[in-house]
Amino acid sequence: MSAQKMHIDPYERNWMIFSAVMLVLFATAVSVAAFGMGIQVPAPEQRVDPRTVATDPNSPWSNPGLREISPGKYDAYILAHAIPSWEYLPKEITVPVGSRVTFYVTSSDVQHGFKIQDTNANFMVLPGQVSKLTVTFDKPGTYNFICTEYCGSGHGVMYGAIIVTP
Amino acid sequence: MAKKDKEDDEFRPTGTMAVMAIFVIVLIAIWATIYMILVGRGGTL
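Chains R and U, in that order, give the protein sequences.
Take the first sequence: its position 57, counted from the start at 1, is 57 in the numbering used here, and no numbers get skipped.
Take the second sequence: its position 29, counted from the start at 1, is 29 in the numbering used here, and no numbers get skipped.
Treat each hint with caution, since some may be false.
Claimed, not checked - Restraint ranges, calculated between C-beta atoms of paired labels, are given here: (1) R:P84 - U:T33: 38 to 44 Å; (2) R:L89 - U:T33: 17 to 23 Å; (3) R:V97 - U:G15: 51 to 57 Å; (4) R:L66 - U:G40: 24 to 30 Å; (5) U:T33 - R:V97: 51 to 57 Å; (6) U:G15 - R:I17: 17 to 23 Å.
What the hints contain is simulated information worked out from the structure, not anything from laboratory work.
Keep in mind that this is a model prediction, so the values were computed, not measured.
Ideal placement from N, C-alpha and C gives every residue a C-beta, glycine not left out.
Generate the whole structure from the sequences, applying the supplied hints.
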């Protein structure tokens with residue numbers, strides 16, 4: 001039994017090496033962004049009952065809005081719903097520049113999306129699940145947030161704004 | 001026949017390499033642009 005040497009065309013070999021190098025480079029870049037720079041996707045924070053999340057007095061989403069937990073740090077409880085109208089509650093949030101805001105977003109009916117423009121915050125909002133993500137607003141201005149998951153006829157008017165004051 | 005084999009061995013797919021080079025340059029440019037936008041927008045932790 002003799003060992004056989006596999007023939008690989010030089011062009012194919014070079015292309016395979018190049019593809020492997022590119023994969024390693026891309027994986028490294030993504031890893032650096034995720035673990036070195038803290039750019040991560042949201043994870044489910046907790047489970048809630050979508051039938052009572054907006055009415056239960058013990059639920060933070062029965063009184064959605066901004067809570068200052070320490071100077072410059074805020075928790076924002078946002079409720080998305082399509083009934084009785086397509087909107088986020090609250091529709092507008094105002095924070096000073098440099099604020100670090102942790103968003104806790106859930107839905108009381110159907111699935112929605114939550115994308116804050118000019119930031120890396122972009123996630124699904126599912127009934128029964130709380131999505132959590134933290135964003136630091138280093139520049140003053142108005143950051144609109146919009147629904148990115150089709151949720152019905154009023155999907156196009158489902159938006160809000162975060163106003164970052166100087 | 002021997003002459004044809006020799007020509008096959010020395011064949012250089014110049015056009016294919018040019019197309020692949022363009023593909024790779026465009027791929028890297030688009031990827032790097034989006035990556036820089038992502039990094040510029042800051043962390044989400």
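To test your reading of the hints: which numbers does this structure violate? 2 and 5
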